[in-house]
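Visitor: Residues per chain, in single letters:
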Amino acid sequence: MQSIEQNNEQWSPRIVAFFCNWCTYTASDLAGVSRLRYAPSTRVIRVMCSGRIEPTFILEAFIKGADGVLIGGCHPGDCHYSEGNYKCLRRFHLLQRYIVEMGIEKERLRLEWISASEGKRLQEVVNEMTDTLRQLGPSKIKEVAETIVK
Amino acid sequence: MGKDKAKLKMAIYWGAACGGCCVSVLDIHETLFTVIEHADLVFWPIALDTKYSDVEEMPDQSIDITLFNGAVRNSENEHMARVLRQKSRLLIAYGSCAHMGGIPGLANFSNKEAIFRRVYEESESTVNPDKIRPLEEVMVAEGTLHLPHFYNDVMTLDQVVDVDYYLPGCPPQSERLVEVFLAVVNGTELPPKGSVVGASSLVQCDECKRKKSEKKDIKRFYRPWEVVDDGETCLNEQGILCLGPATRGGCGVRCVVGNAPCRGCYGPLDDISDFGGKMMSVIASMLEGKEEAEIEEAIETVVDPAGTFYRYSLPGSKLRRKQL
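Same order as they appear, the protein sequences are chains A and B.
The numbers in our numbering rise by one with no breaks, and the one at position 130 of the first sequence is 130.
The numbers in our numbering rise by one with no breaks, and the one at position 211 of the second sequence is 211.
Please keep in mind that the hints were generated in silico from the structure rather than gathered at the bench.
Nothing here was measured: the structure is a model prediction, and the numbers come from that model.
Idealized CB from N, CA, C, for every residue including glycine.
Treat the hints loosely; a few may be bogus.
To be verified - Computed Cβ-Cβ distance ranges for the label pairs, DEER-style:
hint, chain 1, residue 1, chain 2, residue 2, range
1, B, K193, A, E143, 25 to 33 Å
2, B, E175, A, K142, 51 to 59 Å
3, B, S201, A, K150, 30 to 38 Å
4, A, E143, B, R117, 45 to 53 Å
5, A, S117, B, E296, 21 to 29 Å
6, B, I36, A, P138, 38 to 46 Å
7, B, I36, A, L136, 57 to 65 Å
8, A, S117, B, R223, 56 to 64 Å
9, B, E121, A, I45, 41 to 49 Å
10, A, K140, B, T233, 38 to 46 Å
As the list claims (entries may be wrong) - Under the rule of at most 20 Å between Cα atoms (straight-line distance), these lysine to any residue pairs were calculated in the SDA-like manner:
hint, chain 1, residue 1, chain 2, residue 2
11, A, K140, A, R43
12, B, K112, A, S82
13, A, K150, B, H149
14, A, K150, B, I103
15, A, K106, A, K150
16, B, K318, B, P261
17, B, K193, B, R176
18, B, K322, A, R97
19, A, K150, B, Q159
20, B, K112, A, T56
21, B, K322, A, E143
22, A, K106, B, F109
23, B, K131, B, F116
24, B, K112, A, E146
25, B, K216, B, G289
26, B, K7, B, V23
27, B, K215, A, R46
28, B, K215, A, E83
29, B, K318, B, N152
30, B, K318, A, E105
31, B, K322, A, V100
Please model the complete structure; the sequences and the hints are all you need to start from.
Guide: In structure tokens form, the structure reads like this:
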């Protein structure tokens, strides 16, 4: 349990992860049963399709204190509902442009296509994102949204 | 209404606003006589010379209806919001600015320091070599003069005081105001506190007569001057960003009737918690492309997403202001 001990010593980022039921959620399950060790920074929310993820869900996660939001869906062409992941991809790009305009680092929002068999990839993505966020430091989004400066 | 029945007392106040909401009250034309028949206007800075101290001396809850338009931008706005809340039975956030922050709310992309620097030092028409800025207090022979304190953030009315109802619009349609007013006069049962009144619970597109198809397949977006609108097809389908799909109806889709896209001044429908978020979801879903590069290119054509999707609602949105 070395990684958890290490994390206790320093601030650890909180990632809200929206994973699609058919691919990325299953991949995280696979990573679990394969005993792949990765940073305990994600709080996974299972959605039926990445196309279900509204930009508002992501904004809500940020203002509730998430340091980063990770979206995981099926590879293009593999969506269980045929085109949900394309809708997700379009929203992601638009939302990312919006958050950058709002002064939020674009690395705090990440989209990855991870299929059900890619437990290893899930491990890599979560570790990578955790490192990136650790470099960026804690998110101030919640604080800024709650504080009114007179 | 019998003559013996006491007249209502009504107040209209402007916070950080352009004056359009107050003028929209005058736009009810001769119906104003009906209003005056039922209500005494006790405070209305655009039209009456009532002093703040007169309002401060009124007994609590003595004003029946207050229409508060404009956002809360400085200490004067906040003070009057608190005074009017205390004196009024019904406080109505009148217009987009009081409702969601409105156009003045776009100042939340900046801060006090940057605004003052731009206005008093850098703007093209400014000649101010000594970089003089307004002072909040100045001593003169007759005594001390005061200016309100300019806040760093713009606030919606309900971020400062408790609000009973919201009457949206930039400005609200005058007919809707008359409807709401008469409902109060006639003692019609009022909707639950916090409701949006004087607007529809359906989306703009519901009232819009333009031809719409199921599949949008938009390749890219244009700014209105870049294309010639055919006058019949849904503006979004022609690639002209129209915020109708997330905006509450009730204005009679006036902008679209005038061949201009809806900009969302009536605010979100009841079940939408973040107007711009919903709109981004709608707009992005209408695009056609599937390749990442193609999608990125199409999204690039949405110039200034934050300013476009939150044109009237930045202070009332989830993120509320830019992180500086």
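Visitor: Each hint needs a verdict: does it hold in this structure or not?
Guide: Quick rundown of the hints versus the structure:
no. : hint                        : in the structure
1   : B:K193 x A:E143: 25 to 33 Å : holds (30 Å)
2   : B:E175 x A:K142: 51 to 59 Å : violated (42 Å)
3   : B:S201 x A:K150: 30 to 38 Å : holds (35 Å)
4   : A:E143 x B:R117: 45 to 53 Å : violated (24 Å)
5   : A:S117 x B:E296: 21 to 29 Å : holds (28 Å)
6   : B:I36 x A:P138: 38 to 46 Å  : violated (57 Å)
7   : B:I36 x A:L136: 57 to 65 Å  : holds (60 Å)
8   : A:S117 x B:R223: 56 to 64 Å : violated (45 Å)
9   : B:E121 x A:I45: 41 to 49 Å  : holds (48 Å)
10  : A:K140 x B:T233: 38 to 46 Å : holds (44 Å)
11  : A:K140 x A:R43              : holds (19 Å)
12  : B:K112 x A:S82              : violated (49 Å)
13  : A:K150 x B:H149             : holds (8 Å)
14  : A:K150 x B:I103             : holds (19 Å)
15  : A:K106 x A:K150             : violated (28 Å)
16  : B:K318 x B:P261             : violated (24 Å)
17  : B:K193 x B:R176             : holds (18 Å)
18  : B:K322 x A:R97              : holds (13 Å)
19  : A:K150 x B:Q159             : holds (12 Å)
20  : B:K112 x A:T56              : violated (28 Å)
21  : B:K322 x A:E143             : holds (12 Å)
22  : A:K106 x B:F109             : holds (17 Å)
23  : B:K131 x B:F116             : holds (10 Å)
24  : B:K112 x A:E146             : holds (18 Å)
25  : B:K216 x B:G289             : holds (11 Å)
26  : B:K7 x B:V23                : violated (23 Å)
27  : B:K215 x A:R46              : violated (28 Å)
28  : B:K215 x A:E83              : holds (13 Å)
29  : B:K318 x B:N152             : holds (18 Å)
30  : B:K318 x A:E105             : holds (17 Å)
31  : B:K322 x A:V100             : holds (9 Å)
Hints 2, 4, 6, 8, 12, 15, 16, 20, 26 and 27 from the list above are not met by this structure, while the remaining hints are.
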